[in-house]
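Engineer: If you want the building blocks of each chain, they are given just below.
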Amino acid sequence: MESAPTDRVWVWPNGRTLGLAAVLVAMCYAGASQSNGAAYLLCFILTSLAIVSLVHAWANLHGLGASVESIPPVFAGDDVSVPVVLTARKGGSHFGVLVSVSDGAPSAHEGAVVPESPSRLEVRFPSPARGHYRVIPLRITSDYPLGFFTARRRIKVAHEFYVYPTPHGDLPFPLTVAPTRQPRDGVRHEGDDFGGTRLWRPGESQRHIDWKAAARNPVLLTKQWTGETDEILYLDWATLPGLDTETRISQLARWVVTAERGFETYELRLPGKIVRASRGESHFHACLRALASFESPAAN
Amino acid sequence: MDIFRHSRYSSNVATAPLVGMIIALAAAVIPMGEKVAGWVICGFFAACIARLIFNRPGARLPSLPLKLLLFAGSVGGVAFNYGSAVGIEPGFSILVALVGLKLIEANGPRDFHVLGLLAFFLALCDLFFSQDLLRWLYVAIIVLLVLATLVRFHRGTSPGSYSRSTWLAMRLLLQALPIAVLLFLFFPRVYGGFRFQFSQSLMNIGGMSDRLSPGSMSSIALNSDVVFRADFPDGNIPPMSSMYWRGGVLWRGDELTWVLGPFFSRTEYQPAPMSGPKIRQRISLQPHGGRWLFALDRPMEMHGASYLPGGVLQSKRAILSRYRYEVTSLPEDRQTKLPSDQMRAALDLPAHLSPRVKALVASWKAESKNPAKIVEAALRYFRHERFTYTLQPGSYSDANALDEFLFERRQGFCEHYAAAFATLMRVAGVPSRVVIGYHAGEYNSLGKYVIVRQSDAHAWCEVWLQNVGWQRIDPTDVIAPDRISSNLESYLESHTSQSDATSGERSLAATGWREIQHDLQLAWDSLNYQWDLHILNFDEDAQMNFLMLLGLGSVSWASILIWVLIATALFVGGLSFFLRRSRSTVDKVGRGYAGFCHALARAGLPREPWEGAQHFAARAAAHFPEQAELIGRISQLYIELRYGRGEASAAHFLTAVRQLPRFSVKSGT
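If you read the protein sequences in the order shown, they are chains P and A.
The first sequence maps to residues 1 to 300 in my numbering.
The second sequence maps to residues 1001 to 1669 in my numbering.
Just chain P, with the same shape it has in the complex (with noise of 0.2 Å):
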């Protein structure tokens, strides 16, 4: 999770070193067409101050630590939003700087990084395709002493992480239930004790649905008692013929989602990949890991 010890810091003109250049070519034509030697001396200086303010801009993020928390995972098409971790050298501090991912995304500003005080920011970008990613890659930049010049380094953080695709498809469950016991039908029974609700499945009885929930909720839930939870629910690629890789991925993601919301007991299962029948936040993880790096598209 340290930053790889080979990276550089380039300085780099920018909009307003042009600037400096034109005010300084102007002290120049000043102090040779009106023979003005103290236009010239304040030409050199200004020369000079550029040239200096340059090393200081590359001095200015030399030895500045970067590293990179865990990352919580999104669903593709929200932002990923990275905590960074700057550190200074010791001895130093590092002013003005900027950090982003990758080029041209957007970028969080912090205003000093000093010694023994590690300062923590955010960046966010939007997320790439659906993946396993194992690598980010961090710009630094800053201004820093007098803006003249741009101090931009580029650090490959080797700090995993998952985009999930995106929950997409109105497809109804896969009517797959199987039970383990003897089934029942959603009847209550005497004596059961209400276990919440799960997911209402077409074809059966209404009389148990919490409409109270359905005001809320767009999905159906129908309540249910124990003894009636051992049901598993096989979210299957191969009951989804005909469409491409990437509907069937969005889904199987969506029914995970479902599931999960619906506190069922449910089983992934992808060719060549099954995450076994389980419930609660650790499978839901399992599943969508396995979805997303399932034939993954992204490079890395």
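The hints are simulated quantities; they were obtained by calculation from the structure and are not laboratory data.
Take the hints with a grain of salt, since some may be wrong.
Stretch by stretch, here's where chain P covers chain A in the computed footprint (C-beta under 8 Å, at least three residues) [claimed, not checked]: (1) 1103 to 1115; (2) 1147 to 1153.
Cβ-Cβ distance ranges computed for the label pairs, FRET-style [said to hold, decoys possible]: (3) P:HIS168 with A:LEU1579: 52 to 58 Å; (4) A:GLY1632 with P:ALA158: 25 to 31 Å; (5) A:ILE1141 with P:ALA158: 49 to 55 Å; (6) A:SER1649 with P:THR245: 50 to 56 Å; (7) P:ASP79 with A:GLY1108: 22 to 28 Å; (8) P:ASP79 with A:GLY1076: 48 to 54 Å; (9) A:PRO1606 with P:HIS168: 29 to 35 Å.
Idealized CB from N, CA, C, for every residue including glycine.
Position chain A relative to chain P; hints supplied.
Structural biologist: Just chain A now, with coordinates in the frame of chain P:
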């Protein structure tokens, strides 16, 4: 009205750097005040205040139509004010107005940098008006302020604010000096062939004009502006009382007014070889707008200047910027032959002469026909007839000035005496002319040079005596001999202090203080002169001499520039090495926490990517109950260090991480 409605944009520049920039801009505008319309200056300062008001929370910046209206109004106003939008005053007025408008609309980093560049440009303009050391230090302070403001701007919200930014700006300036010196010495100076020249000098000019009339000298007698400074490279310094700095020779006189006179044909005039001891002078002339090149009586011909028949030097162009020249004078040389047209001019009488004047001259001629004797008689007349030397002679009527001066009022300054004496000589048949220039000056013993000020302006007379040549006669010497042996300032001082001699002790202390003050002034002037000599005067020739001195006279500019580049690169390398201080330090806290996570992962409890430190700690504590306390402490310290206010100690955290045992891999939990 619609245009006065504020725009949607609120200010985007922090107040602290903005205040610094406004002060720098205002400081840069002040020295241009003379050449900028008064209302523009007022408008500029109003813009400064307005911009600060806009920066208060909730305030809005002016809208685009309002800005356009202000722009059109100020440019149109300047054009109306001066009748044109082109020229020096309109140009500077529009510049200041535009800077003010830019200030109002400046919003955001880009605009802020434009303001910084404008401040640099205004500082450059300040140097058009004066180049002396004081002005340059003033400009240097403006530059320092702009630098500190830019640094402050880029420091963002970090603490330390202005004092640290100023400190860094000073360090930047200091570190910039070596390259600046290098560039100053070796960057090739190019002169000539420039079309852009100011049509008039922007510097403070005044002083000697081409004509002499009652009041023309006394009007500048209290002006302490420096006209020129002169040093003597051979160490051959003439006594002060005989330092007559020749400026112009006036051939044509009427009453008390004298003017340049006729143009003499060059064919008849051949400057003769001159003889006698030489005095070499190096003169640093301040721009005076005229063409006079002052030199001690009587200069030799000089390269780059015309030599006029009156024995004076004249520049081929008006002196609009500082000019330094070296000239040799031969005080004992005598011209032996006077061309006939000059003789005619030197005897040319005014159209109207009063009978009283004629009678006076006739009385001298009755005593002796010898011109030298007539001169003596005239001087005797000035000495014995209660003439007074005064700065306030009152005004003389144009028509009858000579008569009024000689016979009635008898009060005058040097120009009255010189003009009257020359006219009297012509009436007596002695060829004469009036010379204007400066007399003496102040010797700066610290820098070993003479400072000549406007207050040293003087007019004297020259008469042509057969076998002698032009003879300098200074009637003022007869009226006020101590004026000639000292300069005007001390002359006036001694003559006024006589009147209030009663306040004895106090004036003694005051004199002591004044002497200290005077010494300090001389020291400062000496510094200024060195500045003038070595910095401002470092032109093409001086640079060539310097290169010759280094033995680089025959080296091409290309190779000199390459060496300058190499030296600059070496300096930059050295500076970066110095600034690097220490290599990149690793994020010990981050590494420690990574080790903690790694240890737990190996024990079968990897931290999930979405998991925060808090969540992970709870899970780990539940998984390893016997280490719950340590896990909790490490996570708490980590969270404190990363997200807290920095009260936690990194050392404590690292010690806690080191206490972490190797977790035994549990399989069945």
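Engineer: Against each hint, give a clear statement of whether it holds in the structure.
Structural biologist: Against the structure, the hints come out as follows:
| no. | hint | in the structure |
| --- | --- | --- |
| 1 | 1103 to 1115 | holds (count 4) |
| 2 | 1147 to 1153 | holds (count 4) |
| 3 | P:HIS168 with A:LEU1579: 52 to 58 Å | 53 Å, holds |
| 4 | A:GLY1632 with P:ALA158: 25 to 31 Å | 29 Å, holds |
| 5 | A:ILE1141 with P:ALA158: 49 to 55 Å | 50 Å, holds |
| 6 | A:SER1649 with P:THR245: 50 to 56 Å | 52 Å, holds |
| 7 | P:ASP79 with A:GLY1108: 22 to 28 Å | 24 Å, holds |
| 8 | P:ASP79 with A:GLY1076: 48 to 54 Å | 51 Å, holds |
| 9 | A:PRO1606 with P:HIS168: 29 to 35 Å | 30 Å, holds |
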